Amino acid sequence: MTDLAHEPAPAPVSAGGDRLRRALFRFRQSRLSVIGAVIVGIVLFFTIFGTLLAPYPDQVAGAVDTAARFQPPSAAHPFGTNELGQDVLSLVMAGTTVSVLAGFGVVLIGTVIGTLVGAVAGFAGGWTDEALMRLTDLTLTIPSLILAMAIAAALGPGFVNMVIAISLSWWPGYARLVRGEVLAAREETYVTAARAIGASPRRILFRHILPNVVSPIIVKMSLDMGFAILTVAGLGFIGIGVRPPTPEWGTLLSLSRSYMPDYWWTAMAPGMAMFLAVFGFNLLGDGLRDLLDPKARR
Amino acid sequence: MPEPILVIDNVSKVYPGRRGMFGRSAEVQALKGVSISVDRGESFGLVGESGSGKTTLTRSILHLEQPTSGRILFEGRDLATLSGAELRRLRARVQIVFQDPYASLNPRMTVQDIVTEPMVVHQDVLGLNGRQRTERAAELLSLVGLGPQHLRRFPHEFSGGQRQRICIARALASGPELLLLDEPTSALDVSVQAQVLNLLCDLQDRLGLTYFFISHDLAVVRYLCSRVALIYRGELVEEGETAQIFDAPETEYAQMLIGAMPEVAVPSAGRPSTPMT
Amino acid sequence: METPLLAIRDLHLTMSSFDGHAHVLNGIELTVRRGEIWGLVGESGCGKSLTGLSISRLLPSPPARYLRGEIRFEGRDMLKLPISAVEALRGKRIGMIFQDPTTNLNPAYRIGEQLVDVALAAASHDPTILDCPPRVGRRERKRAARRLAAAMLDRVGIPNPEARLDNYPHEFSGGMRQRVLIAMALIGRPDLLIADEPTTALDVSVQAQILKLLKGTVADHDIGVILITHNLGVVAQTCTHVAVMYAGNIVESGPVAEVIERPAHPYTRALMAAIPTKETRRGALQGLGGTVPNLIAPPPGCRFAPRCPLAIPACTRALPPAVDVGAGHAAACIRVEEERAAAHA
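Residue numbers (this note's numbering), protein chains in the order written: chain A, 11 to 308; chain B, 268 to 544; chain C, 6 to 350.
Calculated from the structure, these hints are not laboratory results.
Just so we're clear, the structure is a prediction, and the values are computed from it rather than from any experiment.
We treat Cβ as the ideally placed atom computed from N, Cα and C, and that holds for glycine.
Among the hints, a few may not be true.
[Claimed, not checked] To give a feel for the contact side, a few chain C residues facing chain B, derived at Cβ under 7 Å:
no.: 1; residue: T205
no.: 2; residue: A206
no.: 3; residue: L237
no.: 4; residue: I280
no.: 5; residue: T285
no.: 6; residue: R287
no.: 7; residue: G288
no.: 8; residue: L290
Assemble the whole structure, with the sequences as input and the hints as a guide.
This is how it looks when you write it as structure tokens:
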């Protein structure tokens, strides 16, 4: 029996730090993920400091300079000026804050609602599951943009209302994802072990199941960020999102539409910003998926 | 004659066929009138191949599933008649170790959280506060051959054998009398299996546990168990003292099973009982 | 002397990961002739599967890198052949069977279609296997392939083979699926069969049948087999020869009866002592303390030395060479030499 007590301790030196370093190593293996992370970093930087760093802060607040209308890109205005003589670069930089925050708000609210609905449905099963999932299906059958438009029309325009409107059409994806993950996790041996111990359903759901479905949720959130930003911009573009003078990418694009193709630069900057943000979040999401949820790859 | 700790009395289990698009699939009879009794302090082996119903029986003993007919009695009390509170108290006294040590530990919990969980769940019976629980967890770890330095680690940092030790520590945490061992060594390498089997022998001697050992590995059952039951397609085929069944199996199935054992046939002279000197 | 079917010489393989380069195969020497069934045994992580995968070059590179050595299949070095040539051998001259029979059959196709595909592919290299006159039409060739498929299923003991060809994989039990995979591996008449834990997922009774089938195949076709397993009992029952691996080395090898009756290496002895037998008294089983070494920074000298009950300082000086202990039986342990010297004195 003596050999039992002397089995050596497991090898790893420090648990948390080691895990993080491993994760970073694997993440760095993929060049595209790193590019995604850098782009997202830049986008987040402008989300926080965009308004502060804008070269013409007064114009962000709504000042106009009609003498300088439709100036092509120059040293003073790298992306030119718009129909009101405002510096397009400043507007786009400041617009990052609104667009990204709105996108983030949408994803966050969608995740919270979706996770709740999905977890309850998957864990409770039976008619609760049926009822919640049919409600989810019902929401999915309504085209999201139209639903958002209807809700936005009912609540009235504005930043918060727009976020709520999109969120209400955004959660079903999360509900279905989380339900599936919960159903799978429910069959794990460690969950059976917890049941055999006598753990309460609450404890099983919150201690054993939900912590193990976080990874796919985070992956979906990062993949969704791009589309959420795009949807916010879409609502702005059709004029039921954020109203001018508050700068927002979709609204900026919408305004510049009338001056195409002569004053192409007015559309160029917001379009590129949107493209970069969506592209960056998608690359980052793909990288995170490979890292956190390797079985979803393919 | 002491009262048996566990009595399985004529238990049957039928899974109803599922209704599908093309009518109803056939129902599955997982257990057919199985009767077993396990005495306190003994090691009882249940041997069966895949599809024999041994998993259904295990789940029924844990009351994770209800038999279609028949009774399961723990210390003379029918599990089906227990109230919710009584059932919870029962769970502290009947514990299980699963086959796959990689799947049976929650990857997001530390060893401390894993081993103390039964004490938290059965707080009302055990009455341990946070510090006492940690102390007890450290004790349990040293009992299974690990140490308090492992408390803060996560399951993925351990080898298969060490994880199985953690599973055993968790199973012992609520102070059970009956331990269901569901193929606890079949996912392990032989050298590690030997250590875990020795640990199980040692724990039984020290704590006076009763083992209900489920396995398809006849050699392991022969080593650990005093009595054996063979189960085939939901029916009990043969039951008796281990030595008797292995030396003179009566049924054809038992003969076939024992004949198919991949033994390392070694002439007695050739087997080194001690390393060379 | 005839060229052996397979000769692995001084094979060194590293796998790179975040932690560094693990030296996972450390000078493997193995010779397999026709008619031999070699059991490759050892505990998880000893490199037995990597050896099997190396033979048919199935390891992606990176992370795998062969430092030196050769794997000669009928005299040709698999490590130097272009990958297209290796692919031409794979599945035709070299058959492979893996542990999990479910993941290696495509669930969307009938068994027959999958077997016919394999047969036709094999026939493009060796037209004689279809046993039909040359230059017949595609339809005729397909019919011949189907006949061959049915014959193979019959040979691996699947009853009613004609009808079973039209079944899907899920209509077979685990043991039957493994038989189908063996049939698939044998259909191209391989000269070498590599079976990686072919019975680990199966019941004991089915395992016995599959192993018998494997032995019969070797006797009927005079092929060579490498049977990778962690179960010494399976080796004793099935194999003609055995190679015991530990941490990337073959520590002991030889004819099965020889090795099992007179294990020379302390690791082999420890492995055998860990298996409960009829005579083992309760609580008297001998486990092996310690853990498998980290192969990124392996212990110096003999890799088993840190766990070895017989280790002496000299053990850590150099990797012990394989010493012949008689009757084709070799062990890589310096203490074996001492023991022999003592026996002679």
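Hints, verified against the model:
no. : hint : result
1   : T205 : 10 Å, violated
2   : A206 : 9 Å, violated
3   : L237 : 5 Å, holds
4   : I280 : 6 Å, holds
5   : T285 : 6 Å, holds
6   : R287 : 6 Å, holds
7   : G288 : 4 Å, holds
8   : L290 : 5 Å, holds
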